[in-house]
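J.: Assemble the whole structure, with the sequences as input and the hints as a guide.
2 protein chains.
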Amino acid sequence: MLIVKKFGGSSVADKEKIYRVAERCIEDYRQGHDVVVVLSAMGKTTDQLIALAKNINPNPSKRELDMLLATGEQTSVALMSMAMGALGVPSVSLNAFQVAMHTSSAYGNSRFKRIDSQRIRHELDSRKIVIITGFQGVNKYEDVTTLGRGGSDTTAVALAAALKADVCEIFTDVEGIYTADPRVVPNARKLKEITYDEMLELATLGAKVLHNRSVELAKKYGVQLVVRSSLNTAEGTIVKEEVDVESMLISGVAADKNTACIAVIGVKDIPGTAFKIFELLGKKNLNVDNIIQSIGREGTKDISFTIARDDVRDVVSLLEENKNRITAQRIEVDETVAKVSVVGAGMLSNPGVAAKMFEALYSAGINIRMIATSEIRITVLLDEADAEKAMRVVHDQFMED
Amino acid sequence: MLIVKKFGGSSVADKEKIYRVAERCIEDYRQGHDVVVVLSAMGKTTDQLIALAKNINPNPSKRELDMLLATGEQTSVALMSMAMGALGVPSVSLNAFQVAMHTSSAYGNSRFKRIDSQRIRHELDSRKIVIITGFQGVNKYEDVTTLGRGGSDTTAVALAAALKADVCEIFTDVEGIYTADPRVVPNARKLKEITYDEMLELATLGAKVLHNRSVELAKKYGVQLVVRSSLNTAEGTIVKEEVDVESMLISGVAADKNTACIAVIGVKDIPGTAFKIFELLGKKNLNVDNIIQSIGREGTKDISFTIARDDVRDVVSLLEENKNRITAQRIEVDETVAKVSVVGAGMLSNPGVAAKMFEALYSAGINIRMIATSEIRITVLLDEADAEKAMRVVHDQFMED
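Chains as they are written, first to last, in the working numbering: chain A, 1 to 401; chain B, 1 to 401.
Simulated from the structure, these hints should not be mistaken for lab results.
Hints are not guaranteed to be accurate.
If chains are identical, the list can't say which one is meant, so a pair holds when it fits in one copy or spans any two.
To be verified - Derived lysine-lysine pairs resembling DSS-like cross-links, with alpha carbons at most 30 Å apart:
#1 K15 - K54
#2 K54 - K44
#3 K128 - K62
#4 K240 - K113
#5 K17 - K44
#6 K284 - K128
#7 K140 - K164
#8 K190 - K283
#9 K140 - K113
#10 K54 - K128
#11 K240 - K301
#12 K128 - K113
#13 K44 - K62
T.: This is how it looks when you write it as structure tokens:
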């Protein structure tokens with residue numbers, strides 16, 4: 001088998017942990033498997049490097065920041081190879097230049113375009129464990145790029161796809177994917193399997209176990225993912241195209257507090273205003289979800305939508321600047337909201353899911369401010385203060401069956 | 001003009017120093033020059049990275065160590081570019097992959113084979129200051145190599161040669177090349193000019209201002225070097241092919257305490273024994289200098305030579321292992337010796353230099369244990385305890401004229 005194993009920064013934070021990961025990889029190697037390991041930067045290294053950069057220049061060039069950040073993973077992979085050497089197993093570390101991990105040009109948020117597998121195959125053929133820097137790539141100018149937070153997951157999946165790996169294991173500090181965050185919902189259950197689509201909805205909604213783009217990529221290339229603990233050998237959760245038809249109605253409940261609600265009040269009720277607003281935001285790469293349009297007074301309407309809380313300042317200033325163009329009377333912001341969602345492929349054939357969710361929230365006295373649905377997801381926007389209670393009551397409603 | 005400027009680790013050790021270097025480079029840039037900056041790793045970074053590696057594996061693979069160490073310079077160059085950005089000057093950092101600094105394969109001690117200048121020229125043409133990682137290269141396997149301690153000097157000279165730079169400035173914590181170490185010889189004088197050959201002899205002998213290989217390379221490609229202070233704008237010392245014929249008889253006095261004397265006692269007086277000894281050492285890359293052969297008792301002879309003190313253990317164990325083969329009765333080691341040398345192109349036409357040196361030492365009551373000479377250098381081996389006194393009396397003897 002060819003196995004790609006990805007370990008995050010906390011799994012390689014110190015010498016002991018590095019050795020634990022090395023031993024875990026060597027187990028597979030000794031069983032005759034080809035092993036490719038993808039590592040993040042050690043512990044809080046990336047944060048420290050960002051702080052170092054901001055100390056020099058509060059607004060550093062993105063190109064130079066990527067150049068700096070890339071040293072973090074290069075450090076991890078070299079040390080890991082040294083640990084494996086001490087354990088008597090041949091290995092080799094490779095950075096993005098050496099593998100030739102081609103990405104798009106965008107610094108800080110690039111995407112893989114093409115990965116050469118030749119060097120890796122050559123090293124595997126000479127029976128080495130191959131240790132590769134996660135999170136980074138090289139663009140067409142031969143400049144270092146990074147994939148954004150959580151990008152090492154994407155590196156692992158992209159490598160698994162390029163190498164046609166049998167499995168891609170994502171090691172994390174939880175034992176797998178749960179029906180809800182166990183810290184919030186005590187009786188949350190670990191899932192044995194979940195579909196790519198369900199995982200995507202959960203990842204987007206803040207379940208934070210897998211980087212979204214990595215799941216998209218896994219779906220696109222049919223890479224079977226296993227999410228499991230780096231601390232024990234418990235079986236994890238398998239993420240794949242289709243799961244057992246006997247599976248639960250919903251696979252998870254997720255909350256996302258990184259959200260804010262923007263209302264553009266009193267725009268003229270003429271064609272093109274919504275287009276103008278979202279074109280403005282799109283041009284600045286500001287992501288919008290859950291748009292609602294309601295009728296206002298005297299031939300006007302109100303357009304509301306949710307955005308990531310980090311983007312509030314950018315969005316508001318952009319809208320204020322263009323207030324006349326979009327014919328808005330005023331812009332309102334509410335940052336005390338949260339999204340709670342249920343996700344499940346099962347709801348495709350079970351129209352009662354939404355009603356069941358609303359019933360649970362109503363019984364708990366929680367007010368719903370917006371509703372948005374996809375084929376396999378129902379999301380409600382509610383007061384941030386109600387988010388955790390909402391998760392628990394919704395989870396119990398579905399899981400008690 | 002195209003100017004290559006090299007700054008060592010202590011010159012970029014913190015934010016303030018990074019800005020000072022940035023400003024210094026920008027001065028030249030604003031005068032319309034093309035500026036290429038070569039940087040070492042910040043402060044003690046390289047030592048810290050070696051300690052990090054040894055903590056994981058006391059005997060790390062050299063390939064992986066180079067992979068790790070290379071992160072040091074990449075950090076410096078990215079931060080320098082950010083500092084220049086904050087000062088409003090366009091710049092770009094490049095690592096060894098990006099420049100394509102091809103070296104030999106040897107990890108930890110590689111040599112430049114070819115440097116592509118295309119990317120650098122392209123960046124200079126778009127009026128950027130180009131900031132390049134010193135000390136590192138890429139070998140034919142596309143693996144990271146390092147040049148060994150002081151390698152950033154060599155990087156600067158190699159780049160100056162490849163780019164046909166007008167001048168290569170090496171910034172250091174002294175104001176230039178002195179007739180002797182000013183901490184030892186208080187009336188040492190700064191030289192205005194020195195030849196490559198003199199500098200080479202001084203560098204080899206422990207003057208420690210310039211990395212030896214960098215001077216060899218400068219001589220080979222006719223790169224004019226300027227050694228000057230990173231702390232002030234004092235004129236430094238120019239290192240070039242020929243200097244003013246009116247120059248001093250000698251250009252410097254140097255001491256080297258990193259030396260030990262090995263005596264191979266009682267080897268058979270037959271052809272080939274010396275060859276066998278130095279072949280053994282040569283194969284292990286153990287450098288030997290100042291060989292003396294003397295007649296011993298009863299058809300035997302003694303062969304003595306000096307080596308770097310770091311190599312004593314390796315050399316002695318190698319000789320002991322091969323005692324029979326080299327027909328030695330015993331091996332003696334003396335680690336309490338030092339070399340003191342005078343260097344000067346002037347001595348080529350002045351046969352009295354050696355006598356003058358010996359006279360100074362004799363007057364001071366200092367015993368000479370070995371003598372070795374080249375065309376422009378006279379070296380004596382003496383007790384380590386006498387080294388500094390010897391430097392002073394020899395320096396005074398020549399400089400008082």
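J.: Are the hints correct? Go through all of them and say.
T.: These are the hints, each one checked on the structure:
no., hint, in the structure
1, K15 - K54, "both (28 Å within a copy, 11 Å between copies)"
2, K54 - K44, "both (16 Å within a copy, 21 Å between copies)"
3, K128 - K62, "between (35 Å within a copy, 16 Å between copies)"
4, K240 - K113, "within (23 Å within a copy, 49 Å between copies)"
5, K17 - K44, "both (14 Å within a copy, 26 Å between copies)"
6, K284 - K128, "between (45 Å within a copy, 28 Å between copies)"
7, K140 - K164, "both (24 Å within a copy, 27 Å between copies)"
8, K190 - K283, "neither (40 Å within a copy, 61 Å between copies)"
9, K140 - K113, "both (10 Å within a copy, 25 Å between copies)"
10, K54 - K128, "between (39 Å within a copy, 22 Å between copies)"
11, K240 - K301, "neither (43 Å within a copy, 79 Å between copies)"
12, K128 - K113, "both (26 Å within a copy, 28 Å between copies)"
13, K44 - K62, "both (20 Å within a copy, 27 Å between copies)"
Taken one by one, the earlier hints fail for this structure at numbers 8, 11, listed in ascending order.
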